[in-house]
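Trainee: Count the sequence shown with the numbering used here and you get residues 241 to 322, in order.
Everything labelled a hint here was simulated from the structure, so no lab data went into it.
By construction, the Cβ of each residue, glycine as well, lies at the ideal position given by its N, Cα and C atoms.
One should not assume that every hint holds.
What follows is a set of in silico ranges between Cβ atoms, one per label pair, in the way DEER data are often shown [unchecked claim]:
| id | residue 1 | residue 2 | range |
| --- | --- | --- | --- |
| 1 | Phe288 | Gly319 | 37 to 43 Å |
| 2 | Leu243 | Pro273 | 17 to 23 Å |
| 3 | Leu287 | Pro262 | 35 to 41 Å |
| 4 | Leu317 | Ala283 | 37 to 43 Å |
| 5 | Gly320 | Ile280 | 40 to 46 Å |
| 6 | Ile261 | Glu292 | 20 to 26 Å |
| 7 | Val277 | Ile321 | 21 to 27 Å |
| 8 | Gly318 | Arg290 | 21 to 27 Å |
| 9 | Gly318 | Ile280 | 21 to 27 Å |
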Amino acid sequence: MGLISLLWGIVAMLWMVLALIPLLGWGNWFLIPFAAVGAIIAAVGILFTRTEHRGRAKAGLVLNGIVIVVGIIRLSLGGGIV
């Protein structure tokens with residue numbers, strides 16, 4: 241679960257960089273739920289793995305959390321459209 245959430249977070253981060261380009265801000269409407277699913281996968285990975293194997297899941301949770309916050313800020317700045 242940790243590796244999946246980490247890879248999910250990397251894909252979300254790359255998608256976020258593309259959504260920061262003007263006129264591509266509509267991608268944040270799809271990006272935020274995508275990153276939320278990654279955060280849920282990371283949370284499951286943190287809860288149901290042993291203590292010494294939680295690093296990747298924590299990194300995935302942080303990446304997905306950053307993407308969600310930046311996506312929400314970008315949507316609020318653009319009025320939800322651009």
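Trainee: Taking the Cβ atom of Phe288 and the Cβ atom of Gly319, is their distance within the range 37 to 43 Å?
Mentor: holds, 40 Å
Trainee: Indicate whether the distance between the beta carbons of Leu287 and Pro262 respects the range 35 to 41 Å.
Mentor: holds, 39 Å
Trainee: May I ask you to test the hint 21 to 27 Å on the CB atoms belonging to Gly318 and Ile280?
Mentor: Between Gly318 and Ile280, where Cβ atoms are some 26 Å apart, the hint holds.
Trainee: Do the Cβ positions of Gly318 and Arg290 conform to the proposed distance bound of 21 to 27 Å?
Mentor: Check failed, 43 Å falls outside 21 to 27 Å.
Trainee: Confirm or reject the claim that Leu317 and Ala283 have a C-beta distance inside 37 to 43 Å.
Mentor: violated, 28 Å
Trainee: With respect to the beta-carbon atoms only, verify the hint that Leu243 and Pro273 lie 17 to 23 Å apart.
Mentor: Taking Cβ atoms as reference, Leu243 and Pro273 lie about 21 Å apart, which means the hint holds.
Trainee: Could you see if the CB distance from Val277 to Ile321 stays within 21 to 27 Å?
Mentor: holds, 24 Å
Trainee: Ile261 and Glu292, beta-carbon distance inside 20 to 26 Å?
Mentor: violated, 40 Å
Trainee: If you check the beta carbons of Gly320 and Ile280, does the distance land in 40 to 46 Å?
Mentor: violated, 24 Å
Against the hints set out earlier in the document, violations occur for numbers 4, 5, 6, 8.
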